[in-house]
Amino acid sequence: MSEGDDPQQQCIFCHIIAGAVAAKRVYEDEKVVGVLDINPANPGHVLLLPREHYAFMPQLPEDLVQHMGMVAKQLSFALIRALKVTGTNIFVANGESAGQRALHVMLHIIPRLEGDGVVGLDIPLKQQSSDELAAIKKKLSVPIKEALGFEPVINASVPESVQSNLPVSKSSALPIPNAPSPPSSVPSSLPFPLPDAQKLSSSEKSESPNPNKVSLSDIADFLSGGKQ
Amino acid sequence: MTDCVLCQALTRKDLVLYEDDQLAAILHPQGAQPGHVVVLPKQHSPILEQVPDFVVGALFVKANQLSRILFENMEVGGVNLLVQNGVSAGQRQSHVMVHVLPRKENDGLNLLWKTRQLSEEEFSSVELKLKEETKVIGQFEREKPAPIEIKQPEKLEVKEGIVDWRIKWLKRIP
Chain P
7 MSEGDDPQQQ
17 CIFCHIIAGA
27 VAAKRVYEDE
37 KVVGVLDINP
47 ANPGHVLLLP
57 REHYAFMPQL
67 PEDLVQHMGM
77 VAKQLSFALI
87 RALKVTGTNI
97 FVANGESAGQ
107 RALHVMLHII
117 PRLEGDGVVG
127 LDIPLKQQSS
137 DELAAIKKKL
147 SVPIKEALGF
157 EPVINASVPE
167 SVQSNLPVSK
177 SSALPIPNAP
187 SPPSSVPSSL
197 PFPLPDAQKL
207 SSSEKSESPN
217 PNKVSLSDIA
227 DFLSGGKQ
Chain H
123 MTDCVLCQAL
133 TRKDLVLYED
143 DQLAAILHPQ
153 GAQPGHVVVL
163 PKQHSPILEQ
173 VPDFVVGALF
183 VKANQLSRIL
193 FENMEVGGVN
203 LLVQNGVSAG
213 QRQSHVMVHV
223 LPRKENDGLN
233 LLWKTRQLSE
243 EEFSSVELKL
253 KEETKVIGQF
263 EREKPAPIEI
273 KQPEKLEVKE
283 GIVDWRIKWL
293 KRIP
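As you go down the protein sequences, you meet chains P and H in turn. Following the working numbering, the numbering of the first sequence begins with 7 at its first residue and continues without gaps. Following the working numbering, the numbering of the second sequence begins with 123 at its first residue and continues without gaps.
Just so you know, the hints here were simulated from the structure itself, not pulled from any lab data. Mixed in with the good hints there might be a few duds.
With a Cα cut of at most 30 Å, we get these calculated DSSO-like pairs of lysine-lysine [to be verified]:
#1 H/273 to H/290
#2 P/151 to H/266
#3 H/251 to P/90
#4 H/277 to H/290
#5 H/236 to H/253
#6 H/164 to H/266
#7 P/144 to H/164
#8 P/151 to P/132
#9 P/132 to P/144
#10 P/90 to H/257
#11 P/145 to H/226
#12 H/164 to H/135
#13 H/293 to H/273
#14 P/37 to H/266
#15 P/90 to P/37
#16 P/132 to H/164
#17 P/37 to H/135
#18 H/257 to P/37
#19 P/90 to H/236
#20 P/132 to H/226
#21 H/135 to P/145
#22 H/290 to P/144
#23 P/144 to H/277
#24 H/253 to P/37
#25 P/144 to P/90
#26 P/132 to P/145
#27 H/277 to H/257
#28 H/253 to H/277
#29 P/30 to H/253
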């Protein structure tokens, strides 16, 4: 008896895929299956599982990752159309420290609404010095060159120009598909609100005359959504 | 889109870890952890739905390869992949990004959510609504192949000195 040897025997998600355990299937094809999570973050929380058993995403063959990515994008759009939500998160946890709870690769596709009370799925940002970043880049450049065939450019230090304040308003003032279309410069075919990045080009931008000379701090400010 | 800081950041080679025709991977300058990488399409798109399917597939493939590199070369206990699609999902900048975030035990981060309990009716209603919409999933946008070059037919060479009477006859002045 090889009970302990076969991971598929013990994997509940393999049983779900095989139909031995009941689950609400919302999508399936020859490579993947999408089921509703029984402990969702929000109604409509979908788990996208490969039919073949893999414990961690780095083990997946490339064509399967590509397929899962494309299906995840279309499932996310289907969620928005079906449930009239204004956003989705796609989340993968590889490893226990990352929050992986089951030994079967899964992509979480979570529908989101403004003020839905879902805590998590947001990355707190921390100031990193340019030296630290340069050190990490140097460390990763050889493996990247070997694995991906691309040689990152290594600089000794990163010049920092004047910090600019690029406010990014978090207000969701843009139309969603069901609402009567208010006048807006954003095409009404967008299914949910965009961050107010259109306001960035306004007068609040401080000195950055050369659009090609963007400093690390500009990018950091922008990525953090303004001063925190 | 020239006022997108991320589009401009892609031109800065000191942040870029990888790039090709479709996408690039950069180190996040205010990452939550050392080694926080962001993979983004070069073509500016504010939301995931506007990125072509094959580019999304490529984004995930690259994110997966980078997470494997992080596992092998840095002290990580895990890696998270996260896409924030829409303001309500936490998107703060109007350029699609896939976060590749290395994790360690007790690193002080918690990306997990609180689970909810739904009734059977709620589940069934969501299932029905979703199944209607997922019927159209299946046709994926693929990369268009490069146009085939049509070879021009070879011109017939008329050797010097040899008179082709047919050509001479055609060129005669009536």
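Hints and how they fare:
{"no.": "1", "hint": "H/273 to H/290", "result": "holds (28 Å)"}
{"no.": "2", "hint": "P/151 to H/266", "result": "holds (27 Å)"}
{"no.": "3", "hint": "H/251 to P/90", "result": "holds (11 Å)"}
{"no.": "4", "hint": "H/277 to H/290", "result": "holds (17 Å)"}
{"no.": "5", "hint": "H/236 to H/253", "result": "holds (25 Å)"}
{"no.": "6", "hint": "H/164 to H/266", "result": "holds (17 Å)"}
{"no.": "7", "hint": "P/144 to H/164", "result": "holds (23 Å)"}
{"no.": "8", "hint": "P/151 to P/132", "result": "holds (28 Å)"}
{"no.": "9", "hint": "P/132 to P/144", "result": "holds (20 Å)"}
{"no.": "10", "hint": "P/90 to H/257", "result": "holds (17 Å)"}
{"no.": "11", "hint": "P/145 to H/226", "result": "holds (18 Å)"}
{"no.": "12", "hint": "H/164 to H/135", "result": "holds (14 Å)"}
{"no.": "13", "hint": "H/293 to H/273", "result": "holds (28 Å)"}
{"no.": "14", "hint": "P/37 to H/266", "result": "holds (23 Å)"}
{"no.": "15", "hint": "P/90 to P/37", "result": "holds (28 Å)"}
{"no.": "16", "hint": "P/132 to H/164", "result": "holds (25 Å)"}
{"no.": "17", "hint": "P/37 to H/135", "result": "violated (38 Å)"}
{"no.": "18", "hint": "H/257 to P/37", "result": "holds (16 Å)"}
{"no.": "19", "hint": "P/90 to H/236", "result": "holds (22 Å)"}
{"no.": "20", "hint": "P/132 to H/226", "result": "holds (16 Å)"}
{"no.": "21", "hint": "H/135 to P/145", "result": "holds (16 Å)"}
{"no.": "22", "hint": "H/290 to P/144", "result": "violated (73 Å)"}
{"no.": "23", "hint": "P/144 to H/277", "result": "violated (56 Å)"}
{"no.": "24", "hint": "H/253 to P/37", "result": "holds (18 Å)"}
{"no.": "25", "hint": "P/144 to P/90", "result": "violated (45 Å)"}
{"no.": "26", "hint": "P/132 to P/145", "result": "holds (20 Å)"}
{"no.": "27", "hint": "H/277 to H/257", "result": "violated (54 Å)"}
{"no.": "28", "hint": "H/253 to H/277", "result": "violated (60 Å)"}
{"no.": "29", "hint": "P/30 to H/253", "result": "holds (10 Å)"}
Hint compliance for this structure: hints 17, 22, 23, 25, 27 and 28 are broken, all remaining hints hold.
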